[in-house]
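Asks: Residue 75 in numbering that gives the first Met the number 0 sits at position 76 of the sequence shown, with consecutive numbering throughout.
Source of the hints: derived by calculation from the structure; they are not laboratory data. Fair warning: this is a prediction, and the values are worked out from it, not measured in the lab. It is possible that some hints are incorrect.
Claimed, not checked - Capping the alpha-carbon separation at 35 Å, the derived lysine-lysine pairs in DSBU-like fashion look like this:
1) Lys-45 with Lys-174
2) Lys-239 with Lys-45
3) Lys-88 with Lys-211
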Amino acid sequence: MFRFLLTRTPIFSRKLIESQNAGIIRSISAVARNPEEVANVQKLIKIAIIGVPNSGKSTLINKIVNHRICPTSSKVHTTRTASRAVVNKKGAQMIFYDTPGLVTTHEIKKHHLETSFSSASRHSIQHSNIIGVVHDVSNHWTRNQLPQMVLETLKCYSHIPSFLVLNKIDMLRSKRILLELVDTLTMNCIEGVVQKDIKEPQKDGEKTSGWKKFSNIFMVSALTGDGLQDIQNFLLTRAKISPWEFADGTNTDQSSETLIQDTVRARLLDFLPQEIPYNLHTQLEYFNQTGGTIYASVQITCPSPRIEKLVCGEADGKLTQITERVSSDLVETFRLPVSITITTKTSLPHRKDDTHTAYPHHSFSQNFVNVIAFWSMRLMRLNASKKFCDEKLRNETAVL
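Full structure from sequences and hints, please.
Replies: Listed below in structure tokens is the structure:
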């Protein structure tokens, strides 16, 4: 016969259990008493969207939040500083950090970028709950591996969850390429777990092409909106109970003045060739919102008369096109009527009147008022000058 030694199981009293788990029990009891409170619980998630320049980060955010918050253009380095776009869905507030493209020191000098350009991405990631990596699959030369700057960033913040967004799939016709890219860019792993056998294991010292710790992969087209709902649903499941950081109805942390200047800068990138738009300086000179309409004036400073002529075009035609496009963009941003005037000047004046002015064509009456105001100011200056000359002539005559 064998003797079995039975260990005594400790018996906990109800009072002891309640005292050790008082907080949890109170929460459960409150929900049980009022189930409607579950729907009113605020949730929060902060997402840092990173990637190389022109991979579609800003377009992606604008589409998800359904608001034109982040400036976009066809050229690189449209986003110069980190900004936040906000959208509230199903009781959860999603805050997207639109970060400048990850660049090297050489690129910062080449494009005259701010010294804080590289640190803006790091700051955004440090304040985020999850990282979204946007990768352009339309570029045949770069799509088969994650950029080195992206990989270095992911390694530095490996403790923060991340997901991969394969963008611009509307430019690809082959699904097979997309599936191969998923295998390559994730190294056949999701959250570090091998998904299938790797035919050719990576050798030690071989250059890494992907990241093993992505939580999820999405195939989207930020331009058409395909696949973006899947990203939104995924992020909603990751949101945690927390008070919102922005009031309901707030779409961004950027001021109206900043949004206007960034929009002008983005359209200059689209309309002007090569490095020219990177050497221009935009400054908001006037901003006012009255009667449900926004009135603004922006001045563009050009480094030389030659560049100013390129910006203005023949008979100021190009400047007028830029003004009309900016006006249209701002109507989408503010969802209000916008009347904007854009002028140019050079750092070194080359003539008496070195300022070009373009007015939007959407309001004839407003243009008429602007023209009248402009010439009234010129007349006032001429009268003041004439008065000064007459007084000087009288003084000289009196001396004689």
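Asks: All hints are to be evaluated individually against the structure, with a verdict given for each.
Replies: Hints, one by one, checked against the model:
1. Lys-45 with Lys-174: 31 Å, holds
2. Lys-239 with Lys-45: Measuring from Cα to Cα gives roughly 10 Å; hence the hint holds.
3. Lys-88 with Lys-211: Judged against 35 Å, a Cα distance of about 30 Å means the pair holds.
Hint check: no violations occur; every hint is consistent with the structure.
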